[in-house]
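Take a look at the letters that make up each chain.
2 protein chains.
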Amino acid sequence: MGAPDPGRLPDFADVEDAAQRLAGVAVRTPLLSFPELDRRTGGRLLVKPETLQRTGSFKFRGAYTKLSRLDPETRRRGVVAYSSGNHAQGVAAAAQLLDVPATIVMPSDAPRMKIDNTRGYGAEVRLYDRASEDRIAVADAIAARTGAALVRPYDDPDVISGQGTCGLEIAAQAADLGAELDAALFCCGGGGLTSGSALALQARSPDTAVYTVEPEGFDDTLRSLSSGARVGNEPGVQSFCDALLAERPGELTFALNSRLGVRGLAVSDAEVRRAMAFAYSWMKLVVEPGGAVCLAAALAGKLELQGRTVALVLSGGNVDAATFAAVIGEGAAA
Amino acid sequence: MGAPDPGRLPDFADVEDAAQRLAGVAVRTPLLSFPELDRRTGGRLLVKPETLQRTGSFKFRGAYTKLSRLDPETRRRGVVAYSSGNHAQGVAAAAQLLDVPATIVMPSDAPRMKIDNTRGYGAEVRLYDRASEDRIAVADAIAARTGAALVRPYDDPDVISGQGTCGLEIAAQAADLGAELDAALFCCGGGGLTSGSALALQARSPDTAVYTVEPEGFDDTLRSLSSGARVGNEPGVQSFCDALLAERPGELTFALNSRLGVRGLAVSDAEVRRAMAFAYSWMKLVVEPGGAVCLAAALAGKLELQGRTVALVLSGGNVDAATFAAVIGEGAAA
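For the protein sequence lines, the chains are C and R, in the order given. Just remember that this note's numbering sits 1330 ahead of the position in the first sequence, which is counted from 1. Just remember that this note's numbering sits 1330 ahead of the position in the second sequence, which is counted from 1.
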């Protein structure tokens, strides 16, 4: 496949183009207030539940944007993607809508719901073993055999600009509410959602500080932004946040996030569990571990919220029932 | 307390006044689309999640409207209400915001979350035993002793007009989406939400057919509307839908629902459980049993949806974790 061309960074016009492609296809998720959240944090928090997005996560935005920009001949040959589950569902659902054959390479230990739904959207799923197989090699082999185009999970200009429509909507919806955003928080694996959204916010809400939120142990973007160079995570590290286990920031996403002055935060698994339980009890929203990191950062006081207006994304809600039951049973948010 | 004056039916102007009182206080819940729901039903379903409302149910709308219309002297003496939990939380939260003392009479077997939250909003909770005590007598005794005003759960013009703001928002939001509503479905206990919303829809979307949805065994409104006279439920009947266990339609609510041509539907506990599991899996929303009856009616094909545009309310999301875990563990919506 080769590396993406780092010179080809998407710009705000690409985000606007993506928004046009997604109009009437993606769900324009609301920007919501929760009195109990404001009471606890002392701020005005505006919550963007991408859990309500088609496929249960924001990933549909980037996947559909990418596929809609492929030429007809490439679409005919199909697409291949590797993903632990949310990008998988996003690509599968976009491919189904656009009548493009899709093969998704997924780890055999991905949440059951994510595997089932990816198949449910009509994609062929190729499971691989995390310990013994390299997912990129598996995807490359499929691409070489079938001529399918690889849809990277984040390090792709089309995917980044598609995810950026989330930030574009946040800016517009906050303006509709008369809210001036001091900051906006984005869940971060490889950095696609943040970098695309930061592009949109720079254009439409330039005084808003943009933060990534990552799980502890997978805070590669935080450390990379701090040090000024891309660094990876320690091998063998674990996290409850299955959706955010990227090894290192993308080239394109890191270039954008650096240039746009994005800053990083990190949260523990325990903070994530408490945030999921809070979302259950006080927001009535089903949020998966990786989708709850921004809420966890807000509730755990990782940045100053008192008197400030801050947007945060709940990036996904694809969590198996047994996992969710265990978390809400802990009653940690009572 | 005496019965409400049946001659004093609220009108559309009362709903509009309530909307002004609630502006900036109640959450303007969104009207959402879910592709999987449309795919399964063949219709265009627009979902109003009152689960996202302050206190986790629509009941806040009516309670706040009522309290805001009390004169200062009455407010000083306080309010009393009886409720299995959602009206309880609505009254407690409204009382807290308006600095009114509140005592809530609740059954000792109400969901724990509802009792805890009612206390959390600062109300005094008086538990009673369903088998041996009459909640209205308990509330009347408190009112007689303290001079507190009774806030009825549904048979009150102010409460009805407050709940009607839900229907008013549905009409406005559907119009914003360019959708012409063929029908709208409302969860029904005593009929406050439906009758108020039917008032609003008659004024703003007169071609929309309005339906109540009740649990089987508590389908008193369905049978009353069919027969033309108020009838009650069989003694000793049970339902999973703790929020919808009214004994018979209210006088005011029945008068309005009759006059406005409302029709009734009913769903089984099993259909409700499947709807809650569907909402978990495909909508990422936490919905309590009574809040899921309209979704249950849609998924179970209780009315024709093919090619039609239909709004439905998810009226509440206050469900204990153990109950919710059991329902989603059944995996009934896979």
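If you are wondering where the hints come from, they were derived from the structure by calculation, not from laboratory data. Cβ atoms here follow ideal geometry from the backbone N, Cα and C, with glycine treated the same way. You may find that some hints are simply not true.
Said to hold, decoys possible - Which stretches of chain R does chain C cover? Using the computed rule of at least three CB atoms under 8 angstroms from a CB of chain C, they are: (1) 1352-1363; (2) 1611-1619; (3) 1647-1657.
What the hints assert, rightly or not - Listed next, the stretches of chain C that the computed footprint assigns to chain R, with coverage defined by at least 3 CB atoms under 8 angstroms from CB atoms of chain R: (4) 1360-1367; (5) 1610-1624; (6) 1629-1641; (7) 1653-1659.
Unchecked claim - Chain C is nowhere near these chain R residues, computed Cβ spacing over 10 angstroms in every case: (8) G1372; (9) R1384; (10) L1428; (11) M1443; (12) R1456; (13) E1546; (14) F1570.
Which numbered hints does this structure break? Hints 6, 9, 11 not satisfied by this model.
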